[in-house]
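Peer 1: Turn these sequences into a full structure, and let the hints steer you where they fit.
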Amino acid sequence: MRHGGGAGKWICCAFMSPTAPKRLAAPHGEADQQWLRQKLEELERIERPSASEGELQAAEWLVGELAKLGAEARIETERAHGTYWWPIGIGTSLGVAGGLAALRGRRLAGAALGALGAAVIATDFPPRPRPFRKLLPERDTFNVICELGDPDADRTVVLVSHHDSANAGLVFHPGIPDLVSKTGAFRHLDTSPMLMAPVIGGPVTSLLAGLTGSRVLAAAGTVLSAGSTASMIDIGLRKVVPGANDNGTAVIALLELARRFLADPPDDLRLILLSAGSEESFSEGMKAFGERHFDNLPVDSTFFINMDTIGSPYLTVLRGEGFLKMFEYPAEALILADNAAEEEGIRLMPNLRIRNGTDGLEALAAGYPVVSICSCTEHKQPANYHWPNDVSENVDFDTVESGIRLAEGMTRRLAGGWVSLPD
Numbered sequence: 001m002r003h004g005g006g007a008g009k010w011i012c013c014a015f016m017s018p019t020a021p022k023r024l025a026a027p028h029g030e031a032d033q034q035w036l037r038q039k040l041e042e043l044e045r046i047e048r049p050s051a052s053e054g055e056l057q058a059a060e061w062l063v064g065e066l067a068k069l070g071a072e073a074r075i076e077t078e079r080a081h082g083t084y085w086w087p088i089g090i091g092t093s094l095g096v097a098g099g100l101a102a103l104r105g106r107r108l109a110g111a112a113l114g115a116l117g118a119a120v121i122a123t124d125f126p127p128r129p130r131p132f133r134k135l136l137p138e139r140d141t142f143n144v145i146c147e148l149g150d151p152d153a154d155r156t157v158v159l160v161s162h163h164d165s166a167n168a169g170l171v172f173h174p175g176i177p178d179l180v181s182k183t184g185a186f187r188h189l190d191t192s193p194m195l196m197a198p199v200i201g202g203p204v205t206s207l208l209a210g211l212t213g214s215r216v217l218a219a220a221g222t223v224l225s226a227g228s229t230a231s232m233i234d235i236g237l238r239k240v241v242p243g244a245n246d247n248g249t250a251v252i253a254l255l256e257l258a259r260r261f262l263a264d265p266p267d268d269l270r271l272i273l274l275s276a277g278s279e280e281s282f283s284e285g286m287k288a289f290g291e292r293h294f295d296n297l298p299v300d301s302t303f304f305i306n307m308d309t310i311g312s313p314y315l316t317v318l319r320g321e322g323f324l325k326m327f328e329y330p331a332e333a334l335i336l337a338d339n340a341a342e343e344e345g346i347r348l349m350p351n352l353r354i355r356n357g358t359d360g361l362e363a364l365a366a367g368y369p370v371v372s373i374c375s376c377t378e379h380k381q382p383a384n385y386h387w388p389n390d391v392s393e394n395v396d397f398d399t400v401e402s403g404i405r406l407a408e409g410m411t412r413r414l415a416g417g418w419v420s421l422p423d
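Per our numbering, the very first residue in the sequence shown carries number 1; after that it's consecutive.
None of these hints come from the bench; they were simulated from the model. Here the structure is a predicted model, which means the values were calculated and not measured. Glycine is no exception: its CB is placed at the ideal position from the N, C-alpha and C atoms. Any given hint might turn out to be false.
Claimed, not checked - Derived lysine to any residue pairs resembling SDA-like cross-links, with alpha carbons at most 20 angstroms apart: (1) 325 / 198; (2) 39 / 394; (3) 325 / 131; (4) 325 / 191; (5) 325 / 123; (6) 39 / 71; (7) 39 / 259; (8) 134 / 79; (9) 39 / 72; (10) 239 / 388; (11) 39 / 68; (12) 134 / 86; (13) 325 / 366; (14) 325 / 122.
Stated by the list, open to error - Simulated DEER-style distance windows between Cβ atoms: (15) 154 / 328: 42 to 50 angstroms; (16) 227 / 189: 21 to 29 angstroms; (17) 230 / 128: 23 to 31 angstroms; (18) 299 / 351: 19 to 27 angstroms; (19) 134 / 227: 42 to 50 angstroms; (20) 393 / 79: 30 to 38 angstroms; (21) 104 / 77: 27 to 35 angstroms; (22) 140 / 64: 12 to 20 angstroms.
Peer 2: Structure follows, in structure tokens:
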């Protein structure tokens, strides 16, 4: 739960359900939880920032594990910048410069710098084109692709995880949602707050200060932008976290799904198991996958099942996500997910939306039927999010198993009846 993309994907997420559902442990299916834990422990020991040698090591590990199961996988190397703190931090720094210029009476410069900073930030959020990143250094990032099922089938299901991990940061301190939860706010909000609002709001305020000549707005724009810049610097200086829940849980889910689909392939379906790189740098790996493959994956015959951070106590299927614009998941896809969960006896935390993004956002914006399977705590937060305690010891493997069963159940139902979106 890249995010950012990772970065701010779930920061202080507050969701719609007034109370958490009663805990319902998933009945033990075919998954061997001890095996899942062992694989997760192996993965979390790999330090794997976005677009790094560690990310490549994680990709090679996954290819090797799939080979042990009898599945052939490949690594597709793409190009990515690999951070979000640089592009966002540059945008907020421009907001600081704009606010200071406006304070000194240089209104035109203040407005121009504020506008440029806001544009840099706004266009960097997925699923936008991120043009400013073309000016920044790039590295290799690594997507893992494993194709199963009937290669000649007319319909394709793409099951998605990501294998990179995020940097920690003070903004992700677990004490923040704990403190907010004491106000009762999480019980009443139906969507997570737009936490990127102050980030882009600083440069926008500097722009307004330049246009109006207001010293109050100039000071506010400077302070807001400086605070956001400090947060980006803090994140950039921190170490990468183990990333067991986010998103090692979905990687091991892919392994278990591969095992099940090899043993009992669904009829008349082509399956693509995709583990993307650089999700935590705003879904750069998934964006590259789309640029390479979306033209060969027709919207009317391809369904995406995204899995992100599925090891918190309560499983959920997101209803919408997006940093600035809310992209709603298609009702037809959600009905499939809800029906599959009900038939499998899986309780979901209902009606949750986030003002950030997962890898599901790229396919969603491209018009595909998509669902994103995630998880949260009773505070409607992902457990141990972007913090050093995101280790396998703190993962709820009953929830992981429920996520696996839900993804498998949806896939097998798609083999029996396809989901079509209205034109």
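Peer 1: Run every hint past the structure and note whether it holds.
Peer 2: Hint check results:
Distance hint between residue 325 and residue 198 is fulfilled; the C-alpha atoms sit about 15 angstroms from each other, no more than 20 angstroms. Of the pairs offered as hints, the one joining residue 39 and residue 394 holds, with about 15 angstroms between alpha carbons and a cut-off of 20 angstroms not exceeded. Between residue 325 and residue 131 the alpha-carbon distance is near 18 angstroms, which keeps this suggested pair within the 20 angstroms criterion. As the CA atoms of residue 325 and residue 191 are separated by approximately 13 angstroms, the hinted pair is consistent with the 20 angstroms bound.
For the proposed pair residue 325 and residue 123, the alpha carbon gap of about 12 angstroms is at most 20 angstroms, so the pair holds. For the hint pairing residue 39 with residue 71, the CA-to-CA distance comes to about 16 angstroms; that is within 20 angstroms, so the pair holds. Taking the CA atoms of residue 39 and residue 259, the gap is near 14 angstroms; set against the 20 angstroms cutoff, the hint holds. Restraint check: the Cα-Cα separation between residue 134 and residue 79 comes to about 11 angstroms, which is no more than 20 angstroms; the hinted pair holds.
Taken as a hint, the residue 39 and residue 72 pair is honoured in the structure, with Cα atoms around 18 angstroms apart against an allowance of 20 angstroms. Under the criterion of a C-alpha separation no larger than 20 angstroms, the hint pairing residue 239 with residue 388 is consistent with the structure, at around 9 angstroms. Distance restraint check for residue 39 and residue 68: the Cα-Cα separation of roughly 12 angstroms lies within the 20 angstroms cut-off, and the hinted pair is therefore satisfied. Using a Cα cut-off of 20 angstroms, the hinted pair residue 134 and residue 86 holds, with the two alpha carbons roughly 12 angstroms apart.
Proximity of residue 325 to residue 366 is assessed by CA-CA distance (about 14 angstroms); at most 20 angstroms being required, the pair is judged to hold. For the proposed pair residue 325 and residue 122, the alpha carbon gap of about 10 angstroms is at most 20 angstroms, so the pair holds. Against the hinted window of 42 to 50 angstroms, the Cβ-Cβ separation of residue 154 and residue 328 comes to about 27 angstroms, which falls outside the hint. Checked against the hint of 21 to 29 angstroms, the pair residue 227 and residue 189 passes, with Cβ atoms roughly 23 angstroms apart.
Between residue 230 and residue 128 the Cβ separation comes to about 25 angstroms, which falls inside the hinted range of 23 to 31 angstroms. As the Cβ distance of residue 299 to residue 351 is approximately 26 angstroms, the hint placing it in 19 to 27 angstroms holds. The hinted window of 42 to 50 angstroms between residue 134 and residue 227 is violated, with their beta carbons roughly 28 angstroms apart. Between residue 393 and residue 79 the beta carbons are some 35 angstroms apart, a value that agrees with the proposed interval 30 to 38 angstroms.
For residue 104 and residue 77, the hinted distance range of 27 to 35 angstroms is not satisfied, since their beta carbons lie about 48 angstroms from each other. Checked against the hint of 12 to 20 angstroms, the C-beta distance between residue 140 and residue 64 comes to roughly 19 angstroms, which is consistent with it.
Comparing the model with each numbered hint stated earlier shows that hints 15, 19 and 21 do not hold.
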